[in-house]
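> Read off the chains here:
Protein chains: 2
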Amino acid sequence: MTISDDALRAAQAVNAERLWGRLMRMAEFGARPDGGVDRPCLSAEDQNARAELIGWAEARGYQVSVDRAANLFIRRAGRRDGPAILTGSHMDSQPKGGRFDGIGGVLGGLEALDAISEAGLETDRAIEVVAFTNEEGGRFSPGCTGSMSWSGARDPASFDDLEDENGARYADALNETLSKAPELATRPLGDAPAAYVELHIEQGPVLEEKALQIAAVTGIQGVRWYDVEITGDTAHAGTTPLALRRDAVQAMHRAIAALNALMADPDDVVRFTVGRIEVEPNSPNAVADKARFTIDFRHPDRAVLEQRGNAVEEAVRKAAEPCRAEVRPSLFSDPTHFPEPIVAIIEQAARDLDFSVMRLPSGAFHDALFASQICPTAMIFVPSRNGLSHHPDEYTAPEHMAAGTQVLAATLVDLANGNATV
Amino acid sequence: MTISDDALRAAQAVNAERLWGRLMRMAEFGARPDGGVDRPCLSAEDQNARAELIGWAEARGYQVSVDRAANLFIRRAGRRDGPAILTGSHMDSQPKGGRFDGIGGVLGGLEALDAISEAGLETDRAIEVVAFTNEEGGRFSPGCTGSMSWSGARDPASFDDLEDENGARYADALNETLSKAPELATRPLGDAPAAYVELHIEQGPVLEEKALQIAAVTGIQGVRWYDVEITGDTAHAGTTPLALRRDAVQAMHRAIAALNALMADPDDVVRFTVGRIEVEPNSPNAVADKARFTIDFRHPDRAVLEQRGNAVEEAVRKAAEPCRAEVRPSLFSDPTHFPEPIVAIIEQAARDLDFSVMRLPSGAFHDALFASQICPTAMIFVPSRNGLSHHPDEYTAPEHMAAGTQVLAATLVDLANGNATV
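As they're listed, the protein sequences go chains A and B.
Residue 13 is where the first sequence starts when you use this note's numbering, and the numbers rise one by one after that.
Residue 13 is where the second sequence starts when you use this note's numbering, and the numbers rise one by one after that.
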């Protein structure tokens, strides 16, 4: 056993029923008829969910504050001043989202604070829970505007003119949301914590597949996105011999075959997805003159991202001939590696609490990506049923949510008390 | 020379400039800014085009009548009563259509009547020009409702409740169009002519490719359509290992590969087209759980249509595994073979008029498909530049339109006078 007695007591004080009750209560804000959640950032549903969270926090006497990106902070004071240990995630959802993505990390964080309180513990450093604004990018794209503003990754003003599909401005929605809770203390952006630990559902099938309870997340894999547009000639499907066609759909077919070959990986670590396809004129009896598709390519190793990613354009162009192919890179995000010490702390805490645990890189983005740029950061994953997320059927069992929260509470206590150093 | 002197005189009287002028005038009804035509059937543009045509016909003293399917008939009387020789086509266009498809056959027919008149000829049988309603199916689907109603292929009332994308009913649009020309004589449906000859643009590249002027069309190839729906599981593109996915886009990719193999034809006679693709959720970072696509498969030989068409479902299902594939046949139209005598008449008329000519099956549907069910039928094709049709850039040169009309005029005269028998 390497975790402290205090950490163990905090973990044992986690109240699984209270946590589950709060998750189900929050799922009412933006509830969908199919059991999922549609809670766009800075919407009325988001504002109501924030009010509920603030109520829970203030009832326990935690100090609540907000920064100009509308990131919400709940602070449980420590014995001394100085940077806090931060946990949290986000409260917004995808339009067809579920009840756990993001909000699980916020409510797990709040439950950890309550458990620490109920265990009668004091900590050296303060522990804070953050709810970042707009992680999903479902209403205002890109996502992670809250954590990017907070971490300094981007100038917050650069997001002001983002518009949602109804033409509402991001800056206006932000101000409206801030005006709903004028009593809150304000805090500056860029106030770096001593460490950041984010609890999140895995959003993939690995933990379930291996029947494990916890993942200590080693980093966030790198991502390259491309938009491909293939141009051929439209023609009548009945009249034009195949040899005389420049069929954009068939060119896309050849390009995907070439990409499948390029991305082949016996170890199944490469993530390669064609998720979006659009065809014009998209008529059953017309040969297509346009086919557009997206490439999402991810890998934890930068060298692989570079080698294979740099080969995408030529592979597509060559395969698409005699059609013309344009390949536009739209995103290149380097792999992030969380520091070994903080990953090890989480892994050890899980073992000491008798949970089965593995190390796993995150396939998805998280606010932790931006936190990791300003402080030691890691994440805790809990299993997603059928690997589903961004889906109304997204589900993580109460015992898995509680287990992740226990690991989180123990980790936060040891970090806050300097028993574990990063 | 086997065509009659009268037929030759009629052909020589064709006025290429008048024909071109009328084509360009008609292109104003529903003109698109890109030079194409958008003239939905039974629309205001169609009604105005009909009024223009009626004006031209009545100015020459031809008798104009209409049936309850709003098919418009222009009759140049013959020496005796009885079934006429019919020519014509349709006046409606695709939404992004051109200036020649359909209307070329109607105005070519009218020009043939005028040429016969100006050559001072009488014919035994009457010669009629028909403008069939809704060949394209662009506004009310299916197409060919006019020629199907006329030929008895379908009960005209069965089309009454078709709706366009704005919810307008076919029967209402039909009645509104009929009410615009209340003075017209009415005629019954199903009045079979002695023969039907349709002039049309090729809508394919073969004549241009071979630098020929005329095709004597041997029939209309058979068509089988299928709607395929593949169902997999959606998943996060970043988190889900490829081996654990049931990716509907990749299953579609394998299905198209299997279909390409099934449809391979060294003679390049098979027409196989995937023209329409839809993916859900169609998001760059989500593995697709639905992929829908259409199959358009055509061949002049029924045995080939049966053998390969019957193999489509199993090929798709097998290739799509572990995803589920539903394959729904949505159309099966037998190949139509025009009678040899009438094809031979057209071919000979072209030769006698010193035009280069070949025989060619039609890859596309035409009103002639339904005419052929009630009378000897054939078609005359003229070249399409770049094989384009259903496209604003659709183009057939004035000399090609005139050549086709000369062959048509000669053929009509000899058919009407019994110099050529079918």
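Derived from the structure by calculation, the hints contain no laboratory data.
Accuracy of the hints is not assured; some may be wrong.
Note that the list lumps identical chains together, so a pair holds whenever it fits in one copy or between two copies.
In silico EDC-like pairs for lysine to aspartate or glutamate, Cα to Cα no more than 16 angstroms straight-line [unchecked claim]: (1) Lys192 x Asp405; (2) Lys330 x Asp50; (3) Lys302 x Asp245; (4) Lys330 x Asp366; (5) Lys192 x Asp176; (6) Lys108 x Glu292.
> Evaluate each hint against the coordinates.
These are the hints, each one checked on the structure:
no.	hint	verdict
1	Lys192 x Asp405	neither (31 angstroms within a copy, 56 angstroms between copies)
2	Lys330 x Asp50	neither (42 angstroms within a copy, 37 angstroms between copies)
3	Lys302 x Asp245	within (8 angstroms within a copy, 27 angstroms between copies)
4	Lys330 x Asp366	neither (54 angstroms within a copy, 45 angstroms between copies)
5	Lys192 x Asp176	neither (20 angstroms within a copy, 47 angstroms between copies)
6	Lys108 x Glu292	between (27 angstroms within a copy, 12 angstroms between copies)
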